[in-house]
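Asker: Sequential numbering from 107 applies to the sequence shown in this note's numbering.
These are calculated hints, taken from the structure and not from any lab test. On a predicted model such as this, the values are computed, not experimentally measured, just so you know. Treat the hints with caution; some may be incorrect.
As the list claims (entries may be wrong) - Lysine-lysine pairs mimicking DSSO-like chemistry, simulated, CA-CA at most 27 Å apart: (1) 280 <-> 239; (2) 239 <-> 257; (3) 280 <-> 257.
As the list claims (entries may be wrong) - Quick list of simulated restraints, FRET-style, between CB atoms: (4) 239 <-> 158: 57 to 63 Å; (5) 257 <-> 210: 46 to 52 Å; (6) 264 <-> 182: 34 to 40 Å; (7) 252 <-> 181: 49 to 55 Å; (8) 156 <-> 204: 40 to 46 Å; (9) 158 <-> 226: 56 to 62 Å; (10) 183 <-> 163: 21 to 27 Å; (11) 167 <-> 197: 22 to 28 Å; (12) 264 <-> 227: 16 to 22 Å; (13) 194 <-> 161: 26 to 32 Å; (14) 210 <-> 166: 26 to 32 Å; (15) 210 <-> 163: 26 to 32 Å.
For each residue, glycine too, the CB sits at the ideal point set by N, CA and C.
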Amino acid sequence: MQSPSSPADPDADSPTPADRRRRAARHEGDIPSDDWMREPGLDDASLPEQEADADVAASLVDEVESVLAWLQQQGYLDESRFVESRIHARSQRWGQRRIEQELGQHGLSLDASQRAQLAEGEWARATELLRRKFGASLSPDGGVDPALEAKQMRFLLGRGFGTDVARRAVRWLKSSPDSSSGPASDTD
């Protein structure tokens with residue numbers, strides 16, 4: 107039995123000039139013919155199969171669109187319910203900007219009443235997040251640690267809270283670190 111490296115034909119070992127040109131062109135990045143672009147096993151005889159596959163794909167797209175239309179008509183798919191669900195699920199951990207950004211990824215936005223509702227509780231949510239995350243790390247003497255304040259600001263900004271809300275929440279936490287009940291009012 108011969109090894110794969112030793113051909114049966116002694117003349118097959120030496121490449122022809124055309125083979126050398128093809129190899130050189132392949133190494134230089136030039137493609138000598140369209141044969142290199144085709145998928146293996148495809149020829150002109152398989153074109154009707156490709157057209158049939160395209161027809162099947164088009165019919166599947168039509169079927170999916172009709173099912174989605176039916177779901178919307180029956181009330182199973184509703185964008186306003188999705189927005190309400192996202193607000194409810196994300197509002198305790200994320201700020202208004204982050205929630206709006208997530209809805210924007212889905213091609214949706216908040217209406218005016220939803221935006222006002224989120225903005226109304228923004229400061230309370232920010233202070234509660236800071237108290238839960240950084241309440242134990244505050245210094246007992248009430249000293250100001252600029253590095254800790256910067257870390258708290260970055261935390262809130264990364265969660266999608268506005269700069270003014272984050273700044274007010276950090277100040278509130280700094281002024282009342284012993285408060286375990288959270289902010290009483292939004293007058294700071």
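Asker: None of the hints should be skipped; say for each whether it holds.
Answerer: How the hints compare with the structure:
The straight-line distance between the Cα atoms of residue 280 and residue 239 is roughly 13 Å, inside the 27 Å bound, and the hint therefore holds. Restraint check for residue 239 and residue 257: satisfied, since their Cα atoms lie roughly 11 Å apart, inside the 27 Å limit. A C-alpha spacing of about 13 Å is found between residue 280 and residue 257, which places the hinted pair at or below 27 Å, so the restraint holds. Judged by the Cβ atoms, the range 57 to 63 Å given for residue 239 and residue 158 holds: they are separated by roughly 58 Å.
A C-beta distance of roughly 28 Å is found between residue 257 and residue 210, which places it outside the suggested range of 46 to 52 Å. Residue 264 and residue 182 have their C-beta atoms about 35 Å apart, which keeps the hinted 34 to 40 Å range intact. In this structure the supplied range 49 to 55 Å holds for residue 252 paired with residue 181, their Cβ-Cβ distance being about 53 Å. A C-beta distance of roughly 45 Å is found between residue 156 and residue 204, which places it inside the suggested range of 40 to 46 Å.
Taking 56 to 62 Å as the suggested C-beta distance range, the pair residue 158 and residue 226 conforms, at roughly 58 Å. Between residue 183 and residue 163 the C-beta distance comes to about 23 Å, which sits within the given range of 21 to 27 Å. Checking the proposed 22 to 28 Å range against residue 167 and residue 197 shows it is violated: the Cβ atoms sit about 36 Å from each other. One distance hint, 16 to 22 Å for the beta-carbon pair residue 264 and residue 227, holds here, with the actual separation near 19 Å.
Under the hint 26 to 32 Å, the C-beta atoms of residue 194 and residue 161, about 44 Å apart, miss the expected range. At roughly 29 Å, the beta-carbon separation of residue 210 and residue 166 lies within the given 26 to 32 Å, and the hint holds. With their beta carbons about 30 Å apart, residue 210 and residue 163 fall inside the hinted range of 26 to 32 Å.
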